[in-house]
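Colleague: Going line by line, the protein sequences match chains A and B. According to our numbering, the first sequence holds residues 862 to 1138 in order. According to our numbering, the second sequence holds residues 862 to 1138 in order.
It should be emphasised that the hints constitute simulated quantities derived from the structure, not laboratory data. Backbone N, C-alpha and C fix where the C-beta goes; we use that ideal spot for every residue, glycine too. You may find that some hints are simply not true.
[As the list claims (entries may be wrong)] Which bits of chain A does chain B cover? Going by a derived footprint, with three or more residues having C-beta under 8 angstroms, they are:
| hint | stretch |
| --- | --- |
| 1 | 1006-1017 |
| 2 | 1063-1074 |
| 3 | 1081-1091 |
| 4 | 1100-1111 |
[Stated by the list, open to error] The calculated DSSO-like cross-link candidates involving lysine-lysine, where the alpha carbons are at most 27 angstroms apart (straight line), are:
| hint | chain 1 | residue 1 | chain 2 | residue 2 |
| --- | --- | --- | --- | --- |
| 5 | B | Lys1135 | A | Lys975 |
| 6 | B | Lys1116 | A | Lys1135 |
| 7 | B | Lys1116 | A | Lys1116 |
| 8 | A | Lys1131 | B | Lys975 |
| 9 | A | Lys975 | B | Lys975 |
| 10 | A | Lys1116 | B | Lys1135 |
These are the residues of each chain, in order.
Number of protein chains: 2
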Amino acid sequence: MHQPDPHKLSLNTATVRQQWTLAQIIEGCARHDIRGISPWRDQVAELGLLQTSRMIKQHGLTVTGYCRGGMFPGNDEAERRRHLQDNQRAVDEALELNAACLVLVVGGLPAGSKDLSGARNQVRDGLSALLDYSRPRGMNLAIEPLHPMYAADRACVNTLSQANDLCDELGDDGLGLAIDLYHTWWDPNFQQEITRAGSKRLLAFHICDWLNPTQDLLEDRGMMGDGVINIRAFRQSVEALGYIGFHEVEIFSRKNWWMRDPDEVLRVCKARHKEHG
Amino acid sequence: MHQPDPHKLSLNTATVRQQWTLAQIIEGCARHDIRGISPWRDQVAELGLLQTSRMIKQHGLTVTGYCRGGMFPGNDEAERRRHLQDNQRAVDEALELNAACLVLVVGGLPAGSKDLSGARNQVRDGLSALLDYSRPRGMNLAIEPLHPMYAADRACVNTLSQANDLCDELGDDGLGLAIDLYHTWWDPNFQQEITRAGSKRLLAFHICDWLNPTQDLLEDRGMMGDGVINIRAFRQSVEALGYIGFHEVEIFSRKNWWMRDPDEVLRVCKARHKEHG
């Protein structure tokens, strides 16, 4: 199919979080007939887990991912244990929300460290420990490779290949990938690695656009169609491999979309998803 | 050797170009006993090619690379031919300066394009055409993989693996890699790909640091030691493979190093090279 299924549009709540509370976002999705949602932990904590769960069910929304777990590395065993315990709570919350997966931003270098491969080993070990908790409970963990510009501070898993390697090593029962085009569109091995992943590992698919020029490392993502990513071609590639999940829009945009009327943002998301998704 | 050979420090002129003319930079390198220099084309044009060449010889400096050729992609054949002709002139200038190599920033997407793999094919074709010119004249071309955050606007060759693939495909006679740690420190295949490259292909080695946090995509590079890159370990890795060239410092830093007394910048470069290089 050339155009995307409009019912597969999902809204990552970060896209309008500056304007709306989580309750307003849930109601906004329902009002605009956006059927998927991916909320963030701090927003859920503010609204209350059970209240969030109730509202999402009441409006018939699918939780396409829960943002987020991860941040595994730490400078000592105690810090890493605290991270694990926090991740276990995130798994419990994701279960309560009936989320398709817990999205993992795996963490970067521990404070003061220059040991990137050591951090990567800590991610593997932390993920392995979390799987011992998530697997028996039936919650999928989705490793999200982040753009290499976040290797130091947010995630030292920066390519689809690394994420696939982790799935190979730890087993892909309840473990897979969250593919965000903002982070991976540049990867010369994109097609090769999603093929290697296959539909079993493709747990989430996030879209937005890469603006050229980009003004800010963190909060200058583009609306679909405003940048240089051939979103449709990538979406067709993952669907050709059997991905049947949602297309989750996640836009951090301090100077543009976060300043607009959120109803307008949702209308534009729907239109651009149809045109470019 | 644990510490770097201090005589292998080279200064990419971008590091103090906001404060000094090229003539002042050449004299500054000589005054500070920095024996390598890597000038940019616009500065050379301003000072004059022959005058630059004379001054560099007079002060006994080694030109560790000439910045820069590349920018191969274009929207039509005429644009690409103009780029090729400009690159041929850059080869001639590099020869006049007796540069170790012409550094190639290969270019990103042509204006309005979303076809990244097409741009990569144009890079391969443009590079192939330029090799027909550079090889008989004996000037090395050094492909510099740029950080993926520059894939759209500056270089669609973003990994050492891609650069090695180009060397495999086009032959590595007169063709190799410029390894800049700012662009490649995050690469999980760094060791594997420099091993694959081997000393024959290692034509240049650029250093600076990745600041955490980084404030700007282009002009917030760090002085060695101020960031998260284990520069010494990387330098030892390339030298263990047989690299015997210079360590070229290239720092774009609008709000810090470009605002300082350039004599101080050069003193700090030397000290930090010794401590962290």
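Colleague: Holds or violated: the stretch 1006-1017 of chain A covered by chain B, criterion of 3 or more residues with Cβ-Cβ distance under 8 angstroms?
Modeller: n = 7 at 8 angstroms, threshold three: holds.
Colleague: For the stretch 1100-1111 of chain A, do at least 3 residues have a Cβ located nearer than 8 angstroms to some Cβ of chain B?
Modeller: violated (count 0)
Colleague: Keeping to a limit of 27 angstroms between CA atoms, is the pair of Lys1131(A) and Lys975(B) held or broken?
Modeller: holds (21 angstroms)
Colleague: Given the proposed pairing of Lys1116(B) with Lys1116(A), does the C-alpha separation stay at or below 27 angstroms?
Modeller: Answer holds: Lys1116(B) to Lys1116(A) is near 22 angstroms, not above 27 angstroms.
Colleague: Does Lys1135(A) sit within 27 angstroms of Lys1116(B), going by the straight-line distance between their CA atoms?
Modeller: violated (42 angstroms)
Colleague: With the threshold set at 27 angstroms, check whether the alpha-carbon distance from Lys975(A) to Lys975(B) stays at or below it.
Modeller: Violated - the C-alpha atoms of Lys975(B) and Lys975(A) are around 35 angstroms apart, more than 27 angstroms.
Colleague: Can the restraint linking Lys1135(B) and Lys975(A) be considered satisfied, given a maximum Cα separation of 27 angstroms?
Modeller: holds (18 angstroms)
Colleague: Given the hint that Lys1116(A) pairs with Lys1135(B), does the C-alpha gap stay at or below 27 angstroms?
Modeller: violated (42 angstroms)
Colleague: If you look at each residue in the stretch 1063-1074 of chain A, do at least three have a Cβ nearer than 8 angstroms to any Cβ of chain B?
Modeller: holds (count 3)
Colleague: Counting residues of the stretch 1081-1091 of chain A whose CB is closer than 8 angstroms to a CB in chain B, do you get three or more?
Modeller: It holds, with 4 qualifying residues against the three required.
The structure fails hints 4, 6, 9 and 10 (numbered hints given earlier, in ascending order).
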